[in-house]
Amino acid sequence: MQAYPDQFDPGTFAEWALTRAHPGWLGLQYRAHGDDWCELELPWRADLVGDEAMPVLASGPIVSLLDMAAGMAIWVSARAFRPVATLDLRVDYLRPSREHAPVCARVTCYRRTRTAAFVRGSAHDGDPADPVAQAAGVFMMLDPHRMVPA
Amino acid sequence: MTEYLTAYARSLGVVVSEDTPGCPPLLSLPFAHELEGRPGAWHGGAIAGLLETAGYAALRSALAELGRAPLLKPVNVTVQYLSAGRPRESHARGRIVRLGRRNANLSIEAWQDDPQRPIASAVMNVLMVERDGAD
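Here the protein sequences come in this chain order: X and L.
The opening position of the first sequence corresponds to residue 579 in my numbering, with each subsequent residue numbered one higher.
The opening position of the second sequence corresponds to residue 1146 in my numbering, with each subsequent residue numbered one higher.
It should be emphasised that the hints constitute simulated quantities derived from the structure, not laboratory data.
Quick reminder that beta carbons are idealized off the backbone N, C-alpha and C, glycines included.
Please note that the accuracy of each hint is not assured.
Said to hold, decoys possible - Reference listing, derived: stretches of chain X covered by chain L, where coverage requires no fewer than 3 residues with Cβ under 8 Å from a Cβ of chain L: (1) 606-620; (2) 668-675.
Said to hold, decoys possible - Restraint ranges, calculated between C-beta atoms of paired labels, are given here: (3) L:Gly1185 with X:Asp666: 17 to 25 Å; (4) L:Cys1168 with X:Trp594: 42 to 50 Å; (5) X:Leu720 with L:Arg1247: 39 to 47 Å; (6) L:Val1160 with X:Asp666: 23 to 31 Å; (7) L:Glu1234 with X:Ala631: 54 to 62 Å; (8) X:Met718 with L:Arg1247: 31 to 39 Å; (9) L:Leu1216 with X:Thr691: 38 to 46 Å; (10) X:Met718 with L:Val1160: 25 to 33 Å; (11) X:Arg657 with L:Gly1185: 19 to 27 Å; (12) X:Arg692 with L:Arg1240: 32 to 40 Å; (13) L:Arg1233 with X:Leu720: 16 to 24 Å; (14) L:Asp1259 with X:Trp594: 29 to 37 Å; (15) X:Thr590 with L:Arg1247: 42 to 50 Å.
As the list claims (entries may be wrong) - Residues from chain X shown here face chain L by an in silico Cβ test under 7 Å; the list is partial: (16) Ala599; (17) Ser637; (18) Val641; (19) Thr664.
Can you build the whole structure from these sequences, using the hints too?
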């Protein structure tokens, strides 16, 4: 049984969560947050390219970026860390990002129930008004007491 | 042989484990700490990366058999997460639902031990642009 603190500070959380595992491998950086949103950045890296013709970030790492920003948006909105699992995530790729450009995602948790959290957000490469991708998703709030050990 | 893996897919650790004519390639991704989300579970983004890569591989394979090698541009992807990915190897195979001249619709499933029990599925739309600029 594990207790989760009743506060959520994304900056402090990022020092741990964004430096390990998949987010750490991608090099995700915490940028900003509000009452119900969180913004993360994915730096450009040659080995994350998805198109042989252009040095732009692949769609896969952008999904990871949006997924992680969504999780953190849920926790800032809930003001607490609770384990969550992505149930459904849709991403529309509006245009390729600029060459060698990092991509920034801002995701909002616009509705939470006891068991589900609804998120939407977008990713941009410099100008939030001209996004590269748009996302919508649903996460399940997991009961830490019922989680199956790996 | 058709190259199915992008720099991102190779970096993630995806390998082509089966590629037989007339059948979409089978891709596999051994578990690694770099793919973990919650401790003990795959990160949703890493699973999405495997699914998208399997979708592109299915499409490239079918296009190669038709003598086509256009640039592929993602339009969108919708991923359904069906159960937690346990810390072991995952596999994925895509299926072409509809292949047009400019657009392809793909359906992909990922599983671990049993193909009948997928851990995630995805649908994707991909735009195809001919390299000679004719499109």
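Hint-by-hint comparison with the structure:
A stretch counts as covered by a chain when three or more of its residues have a beta carbon under 8 Å from one of that chain; for the segment 606-620 of chain X and chain L the count is 0, and the coverage is violated. Figure legend: the segment 668-675 of chain X, annotated as covered by chain L; annotation consistent (5 residues with Cβ-Cβ distances under 8 Å, at least 3 required). Hint check: Gly1185 (chain L) to Asp666 (chain X), Cβ distance near 22 Å, so the stated range 17 to 25 Å holds. For the pair Cys1168 (chain L) and Trp594 (chain X), the beta carbons lie near 43 Å from each other, so the given range of 42 to 50 Å is met.
Between Leu720 (chain X) and Arg1247 (chain L) the beta carbon distance is about 41 Å. The supplied range of 39 to 47 Å therefore holds. About 28 Å separates the C-beta atoms of Val1160 (chain L) and Asp666 (chain X), a value consistent with the hinted range of 23 to 31 Å. Our hint of 54 to 62 Å for Glu1234 (chain L) and Ala631 (chain X) is violated, since their Cβ atoms are close to 31 Å apart. In this structure the supplied range 31 to 39 Å holds for Met718 (chain X) paired with Arg1247 (chain L), their Cβ-Cβ distance being about 37 Å.
Range check, Leu1216 (chain L) to Thr691 (chain X): Cβ separation about 42 Å, and the 38 to 46 Å hint holds. A hinted range of 25 to 33 Å for the beta carbons of Met718 (chain X) and Val1160 (chain L) is consistent with their spacing of about 31 Å. At roughly 25 Å, the beta-carbon separation of Arg657 (chain X) and Gly1185 (chain L) lies within the given 19 to 27 Å, and the hint holds. Our hint of 32 to 40 Å for Arg692 (chain X) and Arg1240 (chain L) holds, since their Cβ atoms are close to 36 Å apart.
Taking 16 to 24 Å as the suggested C-beta distance range, the pair Arg1233 (chain L) and Leu720 (chain X) conforms, at roughly 20 Å. Between Asp1259 (chain L) and Trp594 (chain X) the beta carbon distance is about 34 Å. The supplied range of 29 to 37 Å therefore holds. Distance hint check: the CB atoms of Thr590 (chain X) and Arg1247 (chain L) are about 48 Å apart, consistent with the given range 42 to 50 Å. For Ala599 (chain X), the interface hint holds, the least distance from its beta-carbon to any beta-carbon of chain L being 4 Å, beneath 7 Å.
Proximity of Ser637 (chain X) to chain L holds as hinted, the smallest CB-CB distance being about 5 Å (cut-off 7 Å). The beta carbon of Val641 (chain X) comes within 4 Å of a beta carbon in chain L, closer than 7 Å, and the hint placing it at the interface holds. Hint on Thr664 (chain X) holds. Least Cβ distance to chain L is approximately 4 Å, under the 7 Å limit.
Against the hints set out earlier in the document, violations occur for numbers 1, 7.
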